[in-house]
Amino acid sequence: MGASVMLEALEGIRATLWPRAFKRFTGAMLLLPAVALVLVLVAGLAWMGDASLHLLDTETFETGADYTAANYRQMGGQATYWIVLGRSILGAAIVTLVTLVLAFPYAYVMVRTGSAWTRKILLVSLFLPFFIGQVVRAYGWLIILGKEGLLNSLFGILGLGPFKMIYNYPSVLFGLVQYLLPFAVLLIAPAVTAIDEEIELASESLGAHWLRTFRHVTLPMAKPGLVAAALVVFTLALTDYAMPVILGGGTNDFIANAVYDAFFRISDSGLGSAVAIVLVLIATLLAAVILTVLGSGTLGFSAERR
Amino acid sequence: MSTVRSKAVVLWTVVVLNLILLAAPTVIILGASVTTGNIIAFPPEGFSLKWYGKVFASVVLREAFVRSLWVSIVCTVIAVPAGTLAALALARYRVRFAKLLQLYLLLPFTVPLIGAGMGMLMLFGELGILGELWPVGLACCVINLPFMIWAVLASANALDTDLENAAANCGAAPLQAFVTVTLPAVAPGIITGALLMFVLAFNEFLVSLLLTDANTVTLPVSIYNSIRNVITPDLAAVSVVYILVATLAIALLDRWVGLEIFLKSK
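Sequence order for the protein chains is L and S.
Going by the numbering used here, the first sequence opens with residue 337, and the numbers climb by one from there.
Going by the numbering used here, the second sequence opens with residue 15, and the numbers climb by one from there.
Hints in this document: simulated from the structure, not taken from any laboratory.
Remember, predicted model here, so these are calculated numbers, not experimental data.
One thing to keep in mind: the hints can contain errors.
[Stated by the list, open to error] Once the Cα atoms are required to be at most 25 Å apart in a straight line, the calculated BS3-like pairs of lysine-lysine come out as:
#1 S:K113 - L:K359
#2 S:K21 - L:K559
#3 L:K456 - S:K278
#4 S:K21 - L:K456
#5 S:K64 - L:K559
#6 L:K559 - S:K113
#7 L:K500 - L:K483
#8 S:K113 - S:K278
From just these sequences and the hints, can you work out the full model?
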């Protein structure tokens, strides 16, 4: 009873504040809080964009009043930034390829298995690292791969090593693959679910080897999931900060590390803003191109109105 | 038959490789946290819970843990209503510029975290709210908001519009229809989204690193700051907190909505 009385009272308040005449604005009204939240991000970006167009006097730490592209010119003129950019793009491409190759069979088995238990175990194994976070996972790899880590003490017993397995490029890429695997599998799985298993069976019953079926039937039909996964994995790898800093130890910086250093080591917020804005533009452009050319795949907010 | 077997062998080889890759850090951290020795080595030196004792005794770590908890609560409390209402609006109402709004709401996913984080750092600095903890929660909410919207939208799309219409036709007032029909129907999505938001905020490293200072440092940043060249087991014991939180979140998710929801095709 109490609840229904309360609901009635609330209904009264609603009717006063939001009469039925406003009904056609209800949708916009409901979106308002979320739009306002994202506005915090947009406002921050605008602020940073503005900062990137002013020169910071590194002696007095005062921002110049004039608009100038000097920060962008300085960035373009420094070979370091080009090297970091190239390293990040190449790394992200390799990570994307390896992650997709590993993730697709996982998603496929997880969806197709007849055993509910197998499915559960595969799902839990996926969510556990996803929910544990990057720093802790990177720390786990330091324990395993570090100079005085587990593998090296194991090699020591065998009279081998010690080998240098961290603070290099492969270790950063390795950490990124492990970090991004759950994202890839979770984006591919719904696309595999959408494939009618009978189509595969039909292909195989017509004599196609399973690899051919995979290549010509399963993979093309799972394209929406693969596109979404590739986009997310590539962007997250390209813009990652934690793995290059923890597993790379400063030897193999990515763009995000360069942004951080410009802000906090060189203390040049103008230059840092410029590098960050370029990164934002690259990522946004990439997403826009891929989504326009290949469709939003399993990524978008698909609202199916009936 | 042999082709069927070769398919199973190839697929399962990759799956097992994945499982090892996914589980290795977790398993090793659990093992390392209970070693007797001062450094982590193979073979392990013996079983001891002394590192957990050290962690519990550390005021710095306890405070960082409580701060992370607070950040996650702030994030979830903002995200649940905002994300739920937005998802319902996208699924249920005719909104002008709906396509454009959807792209706008996906911005937190397409804008790299370092850009979003530095931008918010500058903005919060200008607003004079840096050094407080709640803006960190707000920032975590902003960058992960699409997860919340996406989770509720998945439930809302599965909901039969006729149910809501029936409620309205039977004389239910809008709020009553919302509370008694719509909300229970999208509850699985809300639970999923809320758990995701909480856990992701609890884990968030980069944005926390940018927005916190020595007095407001959160647990992931505190762990990061303690990573040194010499690897000691006390950090492994702290990291176990994350394994426990993740396990709890997965158990709740599986019990309340079922993990299989993530396999559904859209």
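Exercise. What hint numbers does the structure not satisfy?
Worked result: Number 5 - this is the single hint that the structure violates.
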